Amino acid sequence: MIINAYSKSVYNIALNFIADRDMASDITQDIFIKVFGNIGKYKEEKNFTSWLFKISRNYCIDYWRKNRKHLQTVEVDEQISQESPTPEDEVIRQSEIRNFRQKILQLDPELRIFLTMRDILNLSYHEIAERFSIPEGTVKSRINRARLKLTELIYRGEAKHGLS
Amino acid sequence: MVCRDVENYISAYIENELDKDRHALVSRHLQQCRHCRLLKERTEAVLAKLPELEEEIPFFLKNRLLNIPEPVKVRKTRVFLFPKWVAAGIGTIVLFMNLFYFTNIYPSANREVHSLVSSIQKFIVKTGGLFEKIKESKDFLLFTFFNKKSLEIKDQETKKELDKKDVKGGTYG
Numbered sequence: 001m002i003i004n005a006y007s008k009s010v011y012n013i014a015l016n017f018i019a020d021r022d023m024a025s026d027i028t029q030d031i032f033i034k035v036f037g038n039i040g041k042y043k044e045e046k047n048f049t050s051w052l053f054k055i056s057r058n059y060c061i062d063y064w065r066k067n068r069k070h071l072q073t074v075e076v077d078e079q080i081s082q083e084s085p086t087p088e089d090e091v092i093r094q095s096e097i098r099n100f101r102q103k104i105l106q107l108d109p110e111l112r113i114f115l116t117m118r119d120i121l122n123l124s125y126h127e128i129a130e131r132f133s134i135p136e137g138t139v140k141s142r143i144n145r146a147r148l149k150l151t152e153l154i155y156r157g158e159a160k161h162g163l164s
Numbered sequence: 165m166v167c168r169d170v171e172n173y174i175s176a177y178i179e180n181e182l183d184k185d186r187h188a189l190v191s192r193h194l195q196q197c198r199h200c201r202l203l204k205e206r207t208e209a210v211l212a213k214l215p216e217l218e219e220e221i222p223f224f225l226k227n228r229l230l231n232i233p234e235p236v237k238v239r240k241t242r243v244f245l246f247p248k249w250v251a252a253g254i255g256t257i258v259l260f261m262n263l264f265y266f267t268n269i270y271p272s273a274n275r276e277v278h279s280l281v282s283s284i285q286k287f288i289v290k291t292g293g294l295f296e297k298i299k300e301s302k303d304f305l306l307f308t309f310f311n312k313k314s315l316e317i318k319d320q321e322t323k324k325e326l327d328k329k330d331v332k333g334g335t336y337g
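So the protein sequences, as listed, match chains A and B. For the first sequence, the working numbering gives the first residue as 1, with consecutive numbering after it. For the second sequence, the working numbering gives the first residue as 165, with consecutive numbering after it.
Heads up, some of the hints might be wrong.
[Stated by the list, open to error] Residues of chain B clear of chain A, computed beta-carbon distances all greater than 12 Å:
| hint | residue |
| --- | --- |
| 1 | LEU194 |
| 2 | PHE260 |
| 3 | PHE266 |
| 4 | GLN285 |
| 5 | LYS286 |
[What the hints assert, rightly or not] Okay, the calculated beta carbon distance ranges per label pair:
| hint | chain 1 | residue 1 | chain 2 | residue 2 | range |
| --- | --- | --- | --- | --- | --- |
| 6 | A | LYS41 | B | CYS197 | 49 to 59 Å |
| 7 | A | ALA5 | B | ASP169 | 12 to 22 Å |
| 8 | B | GLY253 | A | ASP22 | 51 to 61 Å |
Hints are computed from structural coordinates only; laboratory data are not their basis. On a predicted model such as this, the values are computed, not experimentally measured, just so you know. Note that beta-carbon positions come from the ideal geometry of N, C-alpha and C, so glycine has one too.
Pulled out of the complex, with its shape left as it was, chain A reads as follows (with noise of 0.2 Å):
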């Protein structure tokens, strides 16, 4: 069954792309009724994954568009709340996955799709290329370029909180 099998993916694209659960949630609903509106389309295209993958970034990528000024606000909340410390293990761990989250937030749209189904989906590279049409050399260097920056962004915001 399609839910079973995507439904996770798809949630989860959703969910590191926009770093809200909410919206993620809202997200992955429209994207699967989409997807059920349109279940005539995808006989055209050879594969239904790719035609699915397809669906779900262009459609994030649209939202991000659309709500881009909320979801910026919403991640400057963010970050001043995640400054409290917390002694329980599970909630530092939460905070240190929301505050990934937003670093991820920052990224260009095609690189957090890229990072998210590589580095949290653990799909290779040429899952990923096969999915989007594209070449996997493209994969790989957009890839290696959104840790770079991912890996700038965290560290970054972590020399700033040890100066202040």
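The hints should help you fit chain B onto chain A, whose structure is shown.
Here is chain B on its own, set in the frame of chain A:
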């Protein structure tokens, strides 16, 4: 190898996807360059953390997704559609022919259209005449076969006439 090259190869180096020579070059650079070594260590730390960002789909969302109505497969019936551009072309031609037929803005075209219409009329009259001939013909077998009924009716009529004549001849004769 310079720092810029190491940055480009850093992912491939961490994932062990570089060829032997290039791998050795990057390793040598990392031993010498503190900045690139730090970058490599930090990237590795980030990569180790990223899989933790994967989450299970919330229960309520899964329920919502399962409640989306399944797509109903509609069988496409092939309907022959008259191509739009052909219809548009025919329409335009008819429009122009009307224009030239009823007006005299372009006399030669007007003459041509009139002669075309008259030739069509002639053709219709001729074919109509031909059909009449076919209907009336008794000589050609194929036509008579098709006009069997009309022939039978005619035969009956001629018989009746002959009978009438016989009756008349009998009374006077």
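* Going through the earlier hints one by one, which of them does the structure break, listed in rising order? -> 7
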